[in-house]
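> In case you want the letters, here they are:
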Amino acid sequence: MSHWIMAPLLLPLAAGMVNLLLVKKGIGAQRMVSLAAVAGLLPVAILLLQLAGGGEFGVYRLGNWPAPFGIILVLDRLSALLLLLTAALALPVIFYAAGGDDLIGRNFHVLFPLQVFGINGAFLTGDLFNLFVFFEIMLIASYSLAVYGGGPDRIRASLHYVVLNLIGSSLFLVAIGTLYSVTGTLNMADLAEKTAAAAPEQAALLRISSLLLLVVFALKAAVLPLHLWLPALYSSVSAPVAALFAIMTKVGVYAILRTFTLIFPAGIVSPDIIAWLPPLALLTLIGGALGVLGSRRLTALTAYLVVMSVGMLLTGVGLMSVAGIGAALYYLPHTTLTTAGMFLLADVIAGQRGPAGDWFLPAPPVPWVLPGVLFFVGAVAAAGMPPLSGFIGKLLLLQAVSPDAAGWLWPVVITGSLAGLVALSRAGTRLFWRTEGKTFSRPRPSLTRVAPVVVLLAMSVVLTIFAAPICRYAEATAAQLLTPQDYIAAVLQKERTP
Amino acid sequence: MEVLASLVIAVLFAGGIYLVLRARTFQVALGLSMLSYAVNLFLFFSGGLVTGAPPLAGGAAATADPLPQALVLTAIVIGFGMIAFVVALALRARGELDNDHVDGRGGKR
Numbered sequence: 001m002s003h004w005i006m007a008p009l010l011l012p013l014a015a016g017m018v019n020l021l022l023v024k025k026g027i028g029a030q031r032m033v034s035l036a037a038v039a040g041l042l043p044v045a046i047l048l049l050q051l052a053g054g055g056e057f058g059v060y061r062l063g064n065w066p067a068p069f070g071i072i073l074v075l076d077r078l079s080a081l082l083l084l085l086t087a088a089l090a091l092p093v094i095f096y097a098a099g100g101d102d103l104i105g106r107n108f109h110v111l112f113p114l115q116v117f118g119i120n121g122a123f124l125t126g127d128l129f130n131l132f133v134f135f136e137i138m139l140i141a142s143y144s145l146a147v148y149g150g151g152p153d154r155i156r157a158s159l160h161y162v163v164l165n166l167i168g169s170s171l172f173l174v175a176i177g178t179l180y181s182v183t184g185t186l187n188m189a190d191l192a193e194k195t196a197a198a199a200p201e202q203a204a205l206l207r208i209s210s211l212l213l214l215v216v217f218a219l220k221a222a223v224l225p226l227h228l229w230l231p232a233l234y235s236s237v238s239a240p241v242a243a244l245f246a247i248m249t250k251v252g253v254y255a256i257l258r259t260f261t262l263i264f265p266a267g268i269v270s271p272d273i274i275a276w277l278p279p280l281a282l283l284t285l286i287g288g289a290l291g292v293l294g295s296r297r298l299t300a301l302t303a304y305l306v307v308m309s310v311g312m313l314l315t316g317v318g319l320m321s322v323a324g325i326g327a328a329l330y331y332l333p334h335t336t337l338t339t340a341g342m343f344l345l346a347d348v349i350a351g352q353r354g355p356a357g358d359w360f361l362p363a364p365p366v367p368w369v370l371p372g373v374l375f376f377v378g379a380v381a382a383a384g385m386p387p388l389s390g391f392i393g394k395l396l397l398l399q400a401v402s403p404d405a406a407g408w409l410w411p412v413v414i415t416g417s418l419a420g421l422v423a424l425s426r427a428g429t430r431l432f433w434r435t436e437g438k439t440f441s442r443p444r445p446s447l448t449r450v451a452p453v454v455v456l457l458a459m460s461v462v463l464t465i466f467a468a469p470i471c472r473y474a475e476a477t478a479a480q481l482l483t484p485q486d487y488i489a490a491v492l493q494k495e496r497t498p
Numbered sequence: 001m002e003v004l005a006s007l008v009i010a011v012l013f014a015g016g017i018y019l020v021l022r023a024r025t026f027q028v029a030l031g032l033s034m035l036s037y038a039v040n041l042f043l044f045f046s047g048g049l050v051t052g053a054p055p056l057a058g059g060a061a062a063t064a065d066p067l068p069q070a071l072v073l074t075a076i077v078i079g080f081g082m083i084a085f086v087v088a089l090a091l092r093a094r095g096e097l098d099n100d101h102v103d104g105r106g107g108k109r
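For the protein sequence lines, the chains are A and B, in the order given.
Numbering-wise (the working numbering), the first sequence opens with residue 1 and increments by one.
Numbering-wise (the working numbering), the second sequence opens with residue 1 and increments by one.
The shape of chain B in the complex, shown without the other chains (with noise of 0.2 Å):
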C-alpha cells in the first residue's frame, strides 16, 4: 500500500510541477491545486498508513494517528482559501491586462 500512495503523491506532483510551469494562467491555477492534493496527501500519510483502527482508542489495539487527520483538514481548508484567491485574481488579471498570460505580457491583440 505505501508503493501506490507514493506513486499517487508522486503522480499529483509530477502534474502540479508541470502545470505550474505553464504560460498561461488558468493552468497554473490547475497545477497549484493539484500541488495542493499532492501536498494534503502526503501529510496524511505522514502518520503511517493504518487501515481499520479508530483514532484517539486506549488499550493495545493499533491506533491511527489523528494529529496529521487535524493537521490536513487545516491544510485543506488554507489551500482551497488560496486557491480560491489564485482564481479570483487571474480573472481580475484578465481584465486589467487583457491577456491570461502569468507574466501579463503576452498574446497581444
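Same shape as in the complex, but just chain A (with noise of 0.2 Å):
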C-alpha cells in the first residue's frame, strides 16, 4: 500500500523537532519550517482523499507485521476527510500565529506541528492503544499551548483543563485494560470481530468498557456535564491556539464515531448505549445555547459555538443512519472552520477596539469595514443561516430524524439555532454599534493577519457552493462506516465473505 499514508505523521513530526533545533536560528527559520510542513500536509491530504475516496481502505503495516500483531494505520474515507480538514484548518492558522501570536512565548513552532501530528496520528491509527498514545501526544502539545503565554486567566482554565484530561486519561486506560482481559487483542478490526463473538458472560465486562470509553471521549469531545472545561479555556488562550482547538472537541466526535461503529456496534454488546448519545447531544446543544445567550465576549460566545456544534454533531452520529451520520460529516467541516475563523476574528476586532477588547461593552469604533463584514459573513455561517453552509448542515440533520423522534428533536436545534442567532446579531451590535469616544488610533492589521481568516470564513463559501459533492462523499463515508464487515477484512486480509 502506499507509503503516503505515513506523510501526515511524518511531515509534522519532522518539523517538530528541526525546530527545536533551530531554537538558537530564531524565529524566522522556524516559521518558514512549520509552514513549509503544513503546506505540504494539504496536497497530501488531497493524495490521499482521492485514494481513498474510491471505498479503498488504505492499511499500512509499520514493519510488515500481519494484522492483529503489528502496529497498523488505516486509512478509509472518514479519515481522509478529517487529514484532509486538518491540514485546512492549520494552514491559515499557523498563517495566523506567525503574524505575531508566536513570540508571547516560547517554542510554539515546536509545539504547533507536534499537535498537528497527534491529531493526524489519532484520525489513522487502526489500534486502540496507539489511539490512546496519539490523544496523549495531541493532549500534552495543547497543555503546552494552552499556557502559552502565560496570565492569570489561561494557567487557571489550563489547570482545570488538564487535571480533568489526566483523569480522563487514566479511565482510558481502565477501559483499554478491561478490553484487553477479555479479548486478548487491541487491533480496532480483530476486536470487532472479538466482541461480536463475545460470550453471554463476557457481556457485561464489555459493557463497562464501552461505557467508559464513551465518557473518555465525551470529556474530550466537551459533551454536556463534561464541558465546563472548555469555555474558560477556549476564551483565555491565545487566538491562533484557540483556532486549533476548534479540531479538539472533533478528535472525540471522531472517537466516539469510530468505537461504536466499528468495535462496538448497536445490538452486539450494547443495544441501549448509543441509544444514550440523541439526549446527551441535545442536552450538550441546550447548554451551549444558553451559553451563547449568556457570553459577555467573543470569544466565550465563540467557545459555546463550539459546544452548540458538539450537540449537533453528535445529534446526527447518534441516529447511527447513513443519513444522520452524512449530515454530522458535511456539518463538521463547515462548524470546524467557521469556529476557528471566529477565535480569529475575535482577536482582530480585538486589537482594534482597545482596551474593552472583544468584551460586549461600548468602546471606540472599529476603524475599518472589513472586520464587520467578516463577523457578519462569520455570523451567518455561524448561526446557520441561509444561504451559507451551516443552513444547508442543519436542514441534511432534519431532514436525517425519523418522525417518531422528529416531535422532540426538532424543537431543540431549531431553538438551538435560534439562540445562536439572537446571540450573535446582539454581538455584533455590541461591537460595531454601540460605540463612544473617539477612533481608536491604531495601525491597521497587517494582511497577514487578516488573509487567514478571510479564507477560514470563505470556506464555509466553498462548502456551500459544492455542497452536493461534499454530501456524495459524506454518505458515502457514513454507508463505509455502517458496514464495519468491510474494514475487518481489509485490515485482517480475509476474504469477504458477502
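Note that these hints are calculated values from the structure, not bench results.
Note that the structure is a prediction, hence the values are computed from the model and not measured.
One or more hints might be untrue.
[Unchecked claim] Short derived list, chain A residues pointing at chain B, Cβ under 8 Å:
#	residue
1	Tyr143
2	Gly177
3	Ser181
The beta carbon of each residue, even a glycine, is placed where N, CA and C say it ideally should be.
Dock chain one against chain two, each of which comes alone in its own frame, and use the hints as you go.
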C-alpha cells in the first residue's frame, strides 16, 4: 500500500523536531519550517482523499507485521476527510500565528506541528492503544499551547483542563485494560470480531469498557456534563491556539464515531448505549445555546458555539443512519472552519477596540469596514442561516431524523439555532454599533492577520458551492462506517464473504 | 492472589479519587499519581496473573502475556511525563494566582 499514508505523521513530526534544533537560529527559520510542513500536508491530504475516495482501505503495516500483531495505520474515507480538514485548518492558523502570536512565548513552532502530529495520528491509527498514545501526544502539546503566553486566566483554565484530561486518560487506560483482559487484542478490527463473538458472560465487562470509552471521548468532545472546561479554556488561550483547538473536540467526536460503529456496533454488546447519545447531544446543544446567550465577550461566545456544534454533530452520529452520520460529516468541516475563523476574527476586532478588547462593552468604533463584513459572514455561517453551509448542514440533519423522533428533536435544534442567531446579532450590535469616544488610532492589522480569517470564513462559501459532491462523499463515508465488515476484512486480510 | 491484586488496585483508586477531589493542587497532583499507579497495575494485571513464567517462550510451558508489559511501559512513561507537567503547572499557578487552590480563587490574603 502507498507509503503516503505515513506522510501526515512524518511531516509535522519532522518539522517539530527540526524546529527544536533551530531554537537558537531565531523565529524566522522556525516559521519557514512549520509553514512548509503544514503547507505540505495539504497536497498529501488531497492525494489521500483521492486514494480513499473510491472506497478502498489503505492499510499501512509498520514493519510488515500481519494485522492483529503489528502497529497499523488505516486510511478510510472518514480519516481522509478529517486529515484534509486538519490541513485546511492548520495552514491559515499557522499563517496567522506567524504574524506575531508566536513571539509571546517560546517554542510555538515546536508545539504546533506536534499537536497536528497527534491529531493526524488519532485519525489514522487502527489500534486502540495507539489511539491512546496519539491522544496523549495531542494533549501534551495542547497543554503547553494552552498556557502559551502565560497570565492568570490561562493558567487557571489550563490547570482545570490538564487535571480533567489526566483523569480522562486514566479512565481510557482502564477501558483498554478491561477490553484487553476480555478479548486479548487491541487492534480495532480484531476487537470488532472478538466483541461480535463474545460469550454472554463477557458482555458485562465489554459493556463497562464501552461506557468508559464513551465517558472519555465525551470529555474530549465536551458533551454536556463534561463540557465545563471548554469555555474558560477557549476564551482565555491565544487566538491561533483557540482556532487550532476548534478541531480537538472533533477528535472526540471522531473517536465516538469510530468506536461505536466498529468495535461496539449497536445490538451486539450494547443495544442501548448508543441510544444515550441523542439525548446527551440535545442537552449539550441546550447548554451551549444558554452559554451563547449569556456570553459577555466574543471569544466566550465562540467557545459556546463550539459546544453547540458538538451537540449538533452527536445528534447526527446518535441517529446511526447513513443520512444522520452523513449530515454530521457535512456539518463537521463547516463548524470547525467557521469557529476557527471566528476565534481569529475576535482577536482582530479586539486589536482595533483598545482596552475593551472583545468584551461587549461600549468602546471606540472599529475604524475599518472589513472586520464588520467578516463578522457578518461568520455570524451567518455559524448561526446556520441561508445561504451558507451551516444552513445546509442543519437542514440535512433535520431531514435525517425519523418522524417519530422529530417531535422532540426538531424543536431543540431549531430553538438552539435561534438562540445562536439572537446572540450573534446582539454581539454584532454591541461590538460595531454601540460605540463611544473617538476612533482608537491603531495601525490597521497587516494582510497576514486578515487573510487567514478571510480564507477560513470563505471555506464556508466553498462548502456551500460544492455542497453536492461533499454531501455525496459524506454519505458514502457514512455508508462505509455502517458496514464495518469491509474494514475488518481489509485490515485482517480476509476474503470478504458477502 | 487475584483478590489481593484487586484489593491493592481498589485501595489505590479510592485514595486517588479522594485526593483528586481535594481543593489544593498539591493533593490533586498526589491523587493523579496514585490514580496512575492504580491504572498501571490494572493494565499490568489485565493479561492475567502468572508467576515464574517467561514471556514469549515457545513450547508447552506456561508463558506470561508480554503485551500488557509493553503497554504498561508506555503508560508509565506517558503518565510520568504528565505528572511532571502537572507539578510544574501547579507551581506556576501558585506563583501567578497567589494561592494553591485548584479553582485559583480560594485563600485570598
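> Does each hint hold? Answer for all of them.
Now the hints, each set against the structure:
About 6 Å separates the beta-carbon of Tyr143 (chain A) from the nearest beta-carbon of chain B, less than 8 Å, and the hint is met. Among the interface hints, the one on Gly177 (chain A) holds; its C-beta lies about 4 Å from the nearest C-beta in chain B, closer than the 8 Å criterion. Against a cut-off of 8 Å between C-beta atoms, the interface hint on Ser181 (chain A) holds, since the closest Cβ of chain B lies about 4 Å away.
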